[in-house]
Amino acid sequence: MTEQATAGAVRTLTLSKSINEGLRRALTDDDKVVVMGEDIGELGGVFRVTDGLKAEFGPQRVIDTPLAEAGIIGTAVGLAYRGYRPVCEIQFDGFIYPGFDQIVAQVAKLHARTNGDVRMPITIRVPFGGGIGSVEHHSESPEAYFAHTAGLRVVTCSNPQDAYSMLREAIASDDPVLFFEPKRRYWTKGEVDLEHVPDQSMERARVLTSGTDITLVAYGPLVPTALDAAAAASEDGISVEVIDLRSLQPVDFDAVAASVRVTGRLIVTHEAQRFGGMGAEISATITERCFEFLESAPERVTGFDTPYPPAAFEDHFLPDMDRILDAVDRSMGRRNSLSEWRFDG
Amino acid sequence: MTEQATAGAVRTLTLSKSINEGLRRALTDDDKVVVMGEDIGELGGVFRVTDGLKAEFGPQRVIDTPLAEAGIIGTAVGLAYRGYRPVCEIQFDGFIYPGFDQIVAQVAKLHARTNGDVRMPITIRVPFGGGIGSVEHHSESPEAYFAHTAGLRVVTCSNPQDAYSMLREAIASDDPVLFFEPKRRYWTKGEVDLEHVPDQSMERARVLTSGTDITLVAYGPLVPTALDAAAAASEDGISVEVIDLRSLQPVDFDAVAASVRVTGRLIVTHEAQRFGGMGAEISATITERCFEFLESAPERVTGFDTPYPPAAFEDHFLPDMDRILDAVDRSMGRRNSLSEWRFDG
Amino acid sequence: MLLTHSGEYVQLLTPRGERVDAPGFDPWVADIGSAELRSLYEDMLISRRLDTEATALQRQGEIGLWPPLLGQEAAQVGSAHALRQSDFVFGSYRENAVAYCRGVDLTTMISVWRGNANAGWNPYDISMAAPAIIIGAQTLHAVGYAMGCDFDASDDISIAYFGDGATSQGDVNEAMVFAASYAAPVIFFCQNNQYAISEPVGVQATKPIADRAPGFGIPSIRVDGNDVLAVFAATAIAADRARSGNGPTFIEAVTYRMGPHTTSDDPTRYRSDDELAEWRAKDPLDRVERYLTRIGALDDTETARISEHSDTVARELRAAIRALRPPEPLSFFDNVFAEPNRHLARQRSQHEAYLASFDGGELS
Amino acid sequence: MLLTHSGEYVQLLTPRGERVDAPGFDPWVADIGSAELRSLYEDMLISRRLDTEATALQRQGEIGLWPPLLGQEAAQVGSAHALRQSDFVFGSYRENAVAYCRGVDLTTMISVWRGNANAGWNPYDISMAAPAIIIGAQTLHAVGYAMGCDFDASDDISIAYFGDGATSQGDVNEAMVFAASYAAPVIFFCQNNQYAISEPVGVQATKPIADRAPGFGIPSIRVDGNDVLAVFAATAIAADRARSGNGPTFIEAVTYRMGPHTTSDDPTRYRSDDELAEWRAKDPLDRVERYLTRIGALDDTETARISEHSDTVARELRAAIRALRPPEPLSFFDNVFAEPNRHLARQRSQHEAYLASFDGGELS
Ligand SMILES: Cc1ncc(C[n+]2csc(CCOP(=O)(O)OP(=O)(O)O)c2C)c(N)n1
Ligand SMILES: Cc1ncc(C[n+]2csc(CCOP(=O)(O)OP(=O)(O)O)c2C)c(N)n1
Ligand SMILES: [Mg+2]
Ligand SMILES: [Mg+2]
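Those protein sequences? They're chains D, X, A and V, same order as listed. Numbering (my numbering) for the first sequence: 3 to 347. Numbering (my numbering) for the second sequence: 3 to 347. Numbering (my numbering) for the third sequence: 11 to 374. Numbering (my numbering) for the fourth sequence: 11 to 374.
Since the hints were derived computationally from the structure, they do not count as laboratory data. Quick reminder that beta carbons are idealized off the backbone N, C-alpha and C, glycines included. Incorrect hints may have been included.
[Claimed, not checked] Among the chain D residues that face chain X by a calculated CB cut under 10 Å, a handful are:
hint: 1; residue: Lys56
hint: 2; residue: Val209
hint: 3; residue: Val270
hint: 4; residue: Ala274
hint: 5; residue: Arg276
hint: 6; residue: Glu294
[What the hints assert, rightly or not] Taking lysine-lysine and the DSS-like style, the derived pairs with C-alpha atoms no more than 30 Å apart in a straight line are:
hint: 7; chain 1: X; residue 1: Lys191; chain 2: V; residue 2: Lys217
hint: 8; chain 1: D; residue 1: Lys191; chain 2: D; residue 2: Lys56
hint: 9; chain 1: A; residue 1: Lys292; chain 2: A; residue 2: Lys217
hint: 10; chain 1: X; residue 1: Lys191; chain 2: X; residue 2: Lys56
hint: 11; chain 1: V; residue 1: Lys217; chain 2: A; residue 2: Lys217
hint: 12; chain 1: X; residue 1: Lys56; chain 2: X; residue 2: Lys34
hint: 13; chain 1: D; residue 1: Lys56; chain 2: A; residue 2: Lys217
hint: 14; chain 1: D; residue 1: Lys34; chain 2: D; residue 2: Lys56
hint: 15; chain 1: V; residue 1: Lys292; chain 2: V; residue 2: Lys217
Sequences and hints are given; from them, build the entire structure.
Below, the structure is given as structure tokens:
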């Protein structure tokens, strides 16, 4: 690939358009790739992520399915048995549960079940997360269910380039990948190198800003929020290292641990409910691996342990810069509103 | 209730028979209680837990259902709308996933969805865990999925008295309860006071042995294993406080924190996969609440992040006394096989 | 067992407003005289008005989303009128005309679409469950409820409303299995409005949807869903069967969603103007108006009265929306559990303390 | 669209071993002369022998569990013989006679029931998927596979085996929706063995199971599942339809599980001796033996040869079990992922280090 080609292939795209281009590229490069889901054909998906693909690749490559998530995943399993690489779209996070059994009992386990004889190179795309003022079931963050399920890879992207590159890597992977798309960032724009070659970097976390006081781990929709918080903290003289986790299963604990050994402090933020969420695992593992380095207890800034609330409440439910900064305070040992809560047990 | 009545009501029962008696009592006391599931009628359930109930209460109270878990949970939701208190049996842990959507999107959320107008007093009984040499899907520990789901209560019992009392309390609760039964302990015997009155203690953890060096948290099938480990450790001069967690959502963090503030050390053990399991949440929360008290990093002794393996491997997969003792060593700061792993990142 | 045969289709009122004979069905509308039919018409007209109004309110930013029922008024109003108030309704998001017929308070209904609540009304106030957004899930609830009616030896019944798309979901099929197995007094009411968002019904089914149920042991009726009399008759037959211990019935009401899937949808991407025009000619209101006019049951006075009534209801809807206040910020913690929950109480208090730490309560 | 009508039931060979005419079906067995029928008989007999042997081995503690197929030999062998080796089979745990017909290696088959593996054989070796224990899940896989055959413009097809109980699961119904929607070249082969563990088929269905499919747009055939010729014919018809682009077919093979659900089950708790006796009289092997004997195709030499063959296979099974070695302890880490996985590699190494810390490797 010449420099010119690279240059020519860099375009400014929205995150959703990057995914569209990633799908187009995967469909072009490998005729075993099929894209399937509800309303993805004629309509181009409710977010237009699959816009134009059916017209370009035809109804056997870009498949409008009946309205049944177990059916989508289950037929994808059969297609994988036959050597296909299905890319399934689940229309919204909250609609993945009817397909849960096929995902955890079939997709996740078939490679192990067959002693490695059968591969499940299935990518399951899921627009996830809140902040779009939508109705029930349209704003959930179910990633922890899948990260807890042995046999699945789980990733999420926070910017257009990652959306494009990680999706291509997910589709190319011989293992099943849950690909969570931060739907409220679909319209975020960024430069995308369409010639970027998948390089097995999907499972690596990325340090976005380096810092020395606190390690702030975020992923998907909260990465920009984390960057804002880091900027605000730095005005206050606190140096925050922001890590975009990218892969949620496996987690790049090496990267997080390396950072915490420098900073001695950890904050994890996600939209999902706190109890048993990704934050718990990251806090527990980093405490195991960095106990002697920790200056204060890892903090979690997350959704609450309620169902995702109606739109009128979502500003309260969703972690924002202020709540992260509040945790920054606690992490630095400054007393604030919540400090006392530590000791009420 | 006179002392005599109490005395007369104390019987030595297996854990499974205790559940049978708990169901019998609930069916007797409240004619809105219905028990439903696959093979629970004529057959009395594959573990004979519902033995005799259909003959005693008839087919409208003890209902053999079609083979469909979503159907079982979904019709239970409708019965709850109508004022019933359904007790659903899922035949084995690994068969709960087809009902996952109805559990997480309906049962868990309906009370919140309706602003408190509709109650979901549904108990979902699930024999769970491994160690019985069975085939795939019959030995899983899916509790973390439900504990992470806002709106559900999740409990498990480790002895016949708790099996009886907690089940009655679960059925009496106006909230949905996932009731996990440690199937490999179904044949454990113990004294059961059948007149024990449900006393809202279900969500309280119980300290089984008090100790000063290490807090060892277990639940369900691993409670006896934890007690064995504590006994072995005490021969080695290490004083272990064993806590039977009982409730997994909510967790009685106050009890665990109180203990850790004394011991300064925490070990959590469960059969479920480690990543994102209950151990992660307990480790993270206790680290938050007891950071200054911790002498060493909380340890987790759990199943591995593989699917539950075929029977030939389950002795390796399942935490046992030796693996707990190994963690006791690390927790006490003695170097052992795994100590070096802390620092490899 | 099919009450109608495959491909057949019951119609009592043609698009031109002619009353045609439908043996077997006619007796079930014998009590519907011109006054009753006018009242059906009135509810359909008001439903349409409410729907148009809500769509407009969404365009004006007063509510976030609205799923129009334009074109489905006969299916919803006709079936709702054939039920008793003590029967229980399990619907999807689109059954707002059914809710209207059951006397829903407009404020509570609209609060959902404003984003203030997930389900506005108290289900026990109008014997109608919270709207189900997970496609098909409510059909199992309806069956369970009906089993409860049966256990209670009550002659109450339940009805499940769902769409053509929903018939593909496992839940809906399991609902039929359970309903048949327990001979539950439930009505499966499928509004086949030809689309599941962008997907034409042919993606879900290669045969008429009414043909599905008989294989489960459930008789089915296929009706012109734009014909309020046919819908009423079919629902009355099904309700009578359920009440008299004959178990479930499946109704396919063949209709058309004349608007977008929701106010977020752009139907021009997947269907033609011609198709829309074809269905507009089968409008469910027009035919009743024509018929009533022809038989002299809709004179100018009546038309004026109904029009005024619909203006009033539309005003009420607007007033309802204006009356909506932002809910108490932390109330989303309150109804997660029915019983006190220490874990959540703690989180709520923490967030309260956090909010209090802002000068002037910046976030609340 | 029903290839058989509701309640009808295709039989070519009566329990007494009489060949009866079955118009429409007879041509499909025209190629089955006495040699071919004897070979079907031989496979059925060996299947039964394997099944009896495995049951005995479970009683002796050599394997942990066995799901007997006693009584279902005609359904499995008859259908398996109507397939090509390049067609793909998706079955449940009970299709061990199908696996035998497809040439499964007995060691790999039995390793599952010994607890050494979750699926013994390599699916691509015998074009037969790993057994599905989650009831009904495999039917969707079969449909997806068939869609793939179609996309490949191959005339390979797939077949899904499942039980009467499975028909209640959402997955099986969704599989029919998808199969119909894409006209997938798949055969739905339901062995209605009258029970789902303890539950008689009446709990799942109030009508013959074959009646379910036509409502989905899938023609169905109901056959005497204890009649190997009828089963063969029905499967051949279905396979031909699939191969020639006519989409899915549903077959209900009416049979009986003469043994327990698995070796852990006690069927006396839920069914009568009389019922068993009634079905014993309809034994799938007896009738073929009677017929072959009558037409002189099963003389003493043949009987002796077949008996010897079955002894050999039984010996092979015992040898296979004795040949099974405990698997390498940590191999359960190895195939979770197809690609290297750092997280799991780390856990494996940790556990290895842990095991090494025991003197003499106590745990390994
Ligand atoms: C389980 C699930 N999957 C997907 C969706 C997204 N979705 C919302 S409405 C809809 C189409 C429903 O079609 P239909 O059942 O015909 O009802 P209609 O909207 O036409 O009234 C879809 C796919 C959902 N709400 N639930
Ligand atoms: C999803 C699921 N639920 C429950 C079970 C437990 N189970 C195993 S076999 C069986 C009965 C299956 O009956 P049927 O489909 O008729 O097949 P058969 O065993 O008769 O061959 C049940 C309930 C299971 N394996 N999977
Ligand atoms: Mg529709
Ligand atoms: Mg069966």
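Tested hints:
For D:Lys56, the suggested interface contact is broken, since its CB lies about 28 Å from the closest CB of chain X, more than 10 Å. Among the interface hints, the one on D:Val209 is violated; its C-beta lies about 14 Å from the nearest C-beta in chain X, farther than the 10 Å criterion. For D:Val270, the interface hint holds, the least distance from its beta-carbon to any beta-carbon of chain X being 9 Å, beneath 10 Å. Evaluation of the D:Ala274 hint against chain X yields a held restraint, the C-beta minimum of about 8 Å falling below 10 Å.
A distance limit of 10 Å between C-beta atoms decides the matter here; for D:Arg276 the minimum to chain X is near 9 Å, and the interface restraint holds. A least Cβ separation of about 9 Å between D:Glu294 and chain X falls short of the 10 Å threshold, and the interface hint therefore holds. Restraint check for X:Lys191 and V:Lys217: not satisfied, since their Cα atoms lie roughly 45 Å apart, outside the 30 Å limit. A hinted pair counts as satisfied when its Cα atoms are at most 30 Å apart, and D:Lys191 with D:Lys56 qualifies at roughly 24 Å.
Our distance criterion of 30 Å between C-alpha atoms is met by A:Lys292 and A:Lys217, whose separation comes to about 22 Å. The suggested pairing of X:Lys191 with X:Lys56 holds, with an alpha-carbon distance near 24 Å, which does not exceed 30 Å. Only pairs whose Cα atoms come within 30 Å are accepted, and V:Lys217 paired with A:Lys217 is accepted, the gap being roughly 20 Å. At roughly 15 Å between alpha-carbon atoms, X:Lys56 and X:Lys34 fall within 30 Å of each other, so this suggested pair holds.
At roughly 25 Å between alpha-carbon atoms, D:Lys56 and A:Lys217 fall within 30 Å of each other, so this suggested pair holds. Between D:Lys34 and D:Lys56, the direct Cα distance comes to roughly 15 Å. Compliance with the 30 Å bound is thereby established for this hinted pair. The straight-line distance between the Cα atoms of V:Lys292 and V:Lys217 is roughly 22 Å, inside the 30 Å bound, and the hint therefore holds.
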